[in-house]
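Colleague: Quick mapping for you: the protein sequence lines, in order, are chains A and B. Okay, so the first sequence: first residue is 1 according to full-length UniProt numbering, each after it adds one. Okay, so the second sequence: first residue is 1 according to full-length UniProt numbering, each after it adds one.
Treat the hints as calculated values from the structure; they're not laboratory data. Quick reminder that beta carbons are idealized off the backbone N, C-alpha and C, glycines included. All the pointers check out, no bait thrown in.
Mimicking DSSO-like on lysine-lysine, the simulated pairs with C-alpha atoms at most 30 angstroms apart in a straight line are: (1) A/Lys-297 to B/Lys-42; (2) A/Lys-161 to B/Lys-297; (3) A/Lys-255 to A/Lys-354; (4) B/Lys-261 to B/Lys-357; (5) A/Lys-297 to B/Lys-43; (6) B/Lys-36 to A/Lys-161; (7) A/Lys-261 to B/Lys-255.
Looking from chain B toward chain A, a few residues come up when the C-beta cut is under 8 angstroms (computed): (8) Leu-59; (9) Leu-177; (10) Lys-267; (11) Gly-314; (12) Lys-380.
One-letter residues, chain by chain:
Protein chains: 2
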Amino acid sequence: MTNEKVEWRIQVEDGPWKRAGISCSMWSFISSLYSKLCKFVKKAWEIGVNDPRKFIHCLKVGIALTAVSLFYYLKPLYDGVGRNAMWAVMTVIVVFEYTAGATIYKSVNRIFGTTLAGLLAFGVHWVASKAGDQWEPVIVGASLFLLASATTFSRFIPTIKARFDYGALIFILTFSLVSVSGYRVDELFNLAQQRISTIIIGTSLCIIVSTAVLPVWAGLELHVLVTGNLDKLANSLQGCAAQYFEAQAASESNKNLMGYKCALNSKATEESLANLARWEPAHGRFNFRHPWKQYLKIGATMRSCASCIDALIGCINSENKTSDDIMKIMSRTSIKVGDNSANVLRELASTIKKMKKSNKLDILVIEMNNAALELQNLLKSYPNTQKNAKDGDAKLEIPIIELIQVVTVVSLLSEIVARVEDIVKCVEELSDLAKFKPEMSKCDKTKQHSTDNKISPDQQNDEETVIKTLQMV
Amino acid sequence: MTNEKVEWRIQVEDGPWKRAGISCSMWSFISSLYSKLCKFVKKAWEIGVNDPRKFIHCLKVGIALTAVSLFYYLKPLYDGVGRNAMWAVMTVIVVFEYTAGATIYKSVNRIFGTTLAGLLAFGVHWVASKAGDQWEPVIVGASLFLLASATTFSRFIPTIKARFDYGALIFILTFSLVSVSGYRVDELFNLAQQRISTIIIGTSLCIIVSTAVLPVWAGLELHVLVTGNLDKLANSLQGCAAQYFEAQAASESNKNLMGYKCALNSKATEESLANLARWEPAHGRFNFRHPWKQYLKIGATMRSCASCIDALIGCINSENKTSDDIMKIMSRTSIKVGDNSANVLRELASTIKKMKKSNKLDILVIEMNNAALELQNLLKSYPNTQKNAKDGDAKLEIPIIELIQVVTVVSLLSEIVARVEDIVKCVEELSDLAKFKPEMSKCDKTKQHSTDNKISPDQQNDEETVIKTLQMV
Numbered sequence: 001m002t003n004e005k006v007e008w009r010i011q012v013e014d015g016p017w018k019r020a021g022i023s024c025s026m027w028s029f030i031s032s033l034y035s036k037l038c039k040f041v042k043k044a045w046e047i048g049v050n051d052p053r054k055f056i057h058c059l060k061v062g063i064a065l066t067a068v069s070l071f072y073y074l075k076p077l078y079d080g081v082g083r084n085a086m087w088a089v090m091t092v093i094v095v096f097e098y099t100a101g102a103t104i105y106k107s108v109n110r111i112f113g114t115t116l117a118g119l120l121a122f123g124v125h126w127v128a129s130k131a132g133d134q135w136e137p138v139i140v141g142a143s144l145f146l147l148a149s150a151t152t153f154s155r156f157i158p159t160i161k162a163r164f165d166y167g168a169l170i171f172i173l174t175f176s177l178v179s180v181s182g183y184r185v186d187e188l189f190n191l192a193q194q195r196i197s198t199i200i201i202g203t204s205l206c207i208i209v210s211t212a213v214l215p216v217w218a219g220l221e222l223h224v225l226v227t228g229n230l231d232k233l234a235n236s237l238q239g240c241a242a243q244y245f246e247a248q249a250a251s252e253s254n255k256n257l258m259g260y261k262c263a264l265n266s267k268a269t270e271e272s273l274a275n276l277a278r279w280e281p282a283h284g285r286f287n288f289r290h291p292w293k294q295y296l297k298i299g300a301t302m303r304s305c306a307s308c309i310d311a312l313i314g315c316i317n318s319e320n321k322t323s324d325d326i327m328k329i330m331s332r333t334s335i336k337v338g339d340n341s342a343n344v345l346r347e348l349a350s351t352i353k354k355m356k357k358s359n360k361l362d363i364l365v366i367e368m369n370n371a372a373l374e375l376q377n378l379l380k381s382y383p384n385t386q387k388n389a390k391d392g393d394a395k396l397e398i399p400i401i402e403l404i405q406v407v408t409v410v411s412l413l414s415e416i417v418a419r420v421e422d423i424v425k426c427v428e429e430l431s432d433l434a435k436f437k438p439e440m441s442k443c444d445k446t447k448q449h450s451t452d453n454k455i456s457p458d459q460q461n462d463e464e465t466v467i468k469t470l471q472m473v
Numbered sequence: 001m002t003n004e005k006v007e008w009r010i011q012v013e014d015g016p017w018k019r020a021g022i023s024c025s026m027w028s029f030i031s032s033l034y035s036k037l038c039k040f041v042k043k044a045w046e047i048g049v050n051d052p053r054k055f056i057h058c059l060k061v062g063i064a065l066t067a068v069s070l071f072y073y074l075k076p077l078y079d080g081v082g083r084n085a086m087w088a089v090m091t092v093i094v095v096f097e098y099t100a101g102a103t104i105y106k107s108v109n110r111i112f113g114t115t116l117a118g119l120l121a122f123g124v125h126w127v128a129s130k131a132g133d134q135w136e137p138v139i140v141g142a143s144l145f146l147l148a149s150a151t152t153f154s155r156f157i158p159t160i161k162a163r164f165d166y167g168a169l170i171f172i173l174t175f176s177l178v179s180v181s182g183y184r185v186d187e188l189f190n191l192a193q194q195r196i197s198t199i200i201i202g203t204s205l206c207i208i209v210s211t212a213v214l215p216v217w218a219g220l221e222l223h224v225l226v227t228g229n230l231d232k233l234a235n236s237l238q239g240c241a242a243q244y245f246e247a248q249a250a251s252e253s254n255k256n257l258m259g260y261k262c263a264l265n266s267k268a269t270e271e272s273l274a275n276l277a278r279w280e281p282a283h284g285r286f287n288f289r290h291p292w293k294q295y296l297k298i299g300a301t302m303r304s305c306a307s308c309i310d311a312l313i314g315c316i317n318s319e320n321k322t323s324d325d326i327m328k329i330m331s332r333t334s335i336k337v338g339d340n341s342a343n344v345l346r347e348l349a350s351t352i353k354k355m356k357k358s359n360k361l362d363i364l365v366i367e368m369n370n371a372a373l374e375l376q377n378l379l380k381s382y383p384n385t386q387k388n389a390k391d392g393d394a395k396l397e398i399p400i401i402e403l404i405q406v407v408t409v410v411s412l413l414s415e416i417v418a419r420v421e422d423i424v425k426c427v428e429e430l431s432d433l434a435k436f437k438p439e440m441s442k443c444d445k446t447k448q449h450s451t452d453n454k455i456s457p458d459q460q461n462d463e464e465t466v467i468k469t470l471q472m473v
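Okay, chain A solo, but in the shape it has when bound (with noise of 0.2 angstroms):
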């Protein structure tokens, strides 16, 4: 039956298309056209089905801007605040961000850049009337020039960057569009009034919803961002050291294995995300002031860690092959110092995960250094070894070329262990600076168990619905 139908379709082709030659070109255009678009869909559909929260983000927005409408569509509302309902309207579009601290940002800087700029050039306006007719518009017209300039250029220092670019846009817009306005309508405190309270009320109406309803948080999206790094470090130095000296399969653990490469390209995200998250309110377990750019100096240091990895995985992979013989002495020790500084970053990030001072972390540094060390010891040892060896069987002296590699590799494990160190200064000034409470050990656990400071199941549902999201982009 397949087989029939498949002939049948050749057969056609074969036939009336090739006669009509444009229809047949047509027809794989729009076929070729068609399968685009499914693959284009399919995409689409895979990047909302892996992180549910962007349907839902597109919901919300659909949900406030349906409710801004209503002062248009409900006759009491639009006659309150008559054509400037627009501004509501606008308001929402523009301000409506994918995070709540994004909204919130974007929300505060319209707003105060609105009223600042309207009380400006209210003021430039009524000097300009006093000054007479032939005067006005030159006043006007410099005003304007002279402002949107210095506006524009306060845009490129670094800090009114981070914080207040949306405002300064914002303010270059209301002045020029209530000066220049102004040039011909004369009611113009109304239309100032009606345009701040159409804007408050747009602001308001984003700012309720993108909190209330399952809220997306800047901070929350950095947190887990940054301890999943952490936690793809561990993995991808684990991987490496044990790669290189089990021989294991290399296919299997690859994706493990590239997880430094998140921590790498994350610098850009993370920033963003720290700018955004000193907007929100306390949310979770993080309070208002929460030192977001802490995490930032974390992520730089892991960055370097990573830079690190990057250069070791491209030395193991290099010609340069060692001999088994001392492969099989280095192993056990190169594959501890492995494990166990996976095992540091993997404490940093349950410390910073759970918010509490870790008890087990100095005990686990430690033992990491002093796996670091043997393995140095172990590499000064080794003309002894190879002098036992000498003296007890044939072997001369094992040429150089074989112990590059596995020197290399121990050099840059040192190195890692060092740069791991650093995380840990930062991570501990982390949990200074946000005034996290020591860990309680088991008994002590036993005792206080349900009492102080615990995760609401909620917020532990919310946390790990982001990460199981990050997890799967």
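Chain A is already provided as a structure; the job is to place chain B on it using the hints.
Modeller: This is chain B only, laid out in the frame that chain A set:
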């Protein structure tokens, strides 16, 4: 005289100010505020002085804005477009960006987003008006909800995010404004037409000012950024090898040494510039479809090389010091590897700068590989060197601890050489994609001196300005 003055001030501070405690603290508050303000202004001024194009950009914004305000001030123009002139002003403020590419991207997105949304809203409005009074708000509301959600979702799709993010925003904005206001205003067609014409006026003005008056091309910025990073990488690499083996004063060349960090950190900038550059028309020596994406690949290989340099610098600063004897043996060849790979990187930078296929590159790559091979051989032959030494004088075996660092440095240098070759491949791909012409040898040059494909003095000036600026930053 100075002494007296100081004393007088101290007396005053001790005297009347202390009695009035509030004034005193107020005074110190104001003075600290004043000094902060001074610092801020100084910093801002320096930003502008380091890159005068930022000052120029502000003036350009001022000019464009004042020009578009003429629609309000001049009576005949005002009568043409009416109250909708506001949209021209708004367009200029929102669309005018620092680089020409960004301005064109936003302009095109704004025009197409507005037109498409306007047509669609018009269609929906027509359907709704045919459906009767009862169904009209339902149809308008539902279409608004659906389209807003779908368009918001499309902004999560990477390809759309990179090219049409702003267009999608404008699409939602216009669709809701038109469909919502359509419910009240009956002169919808006129409104849409006027609005689109004002937007076209605004965007054309922006595009003209940003491409004609001292334009800042995103493509040129990217080009200069990538070639600059190649040079910085070369300096770092050369400095690194030289500092280690010649024990140069670290502080002196520290700035040069840290240049590789620029390459490590410019991923986000490169990506945004490449995204914007594709909107730019042919300018200078770049065609409309110049392969900007290839610059991103070059950037990625540069970062991988920079990671290795980062690890190398870490190892150089580690505690294991190498004995002077080995250093002496390895020194010359290692520095040669550093110099040769730096030469390759510089030749790559000059290839991209001149946009001519280099005729020295192959030789330089061979020289670099030979030097790397020589270094490896030197290390391999080390036992022999050692034996000779043993025969000559009393030295027995050099403990392996003294070898660790030098072996690591050599091994990382080989890895860096391998990664430099990746950069070479990427640059060669670029030269194929962008159809670089082969460079003329010197004798050819004298023949064809003033005929073919010369850079005009103007173009050269432009590029020199960009290069100088980026060097200062």
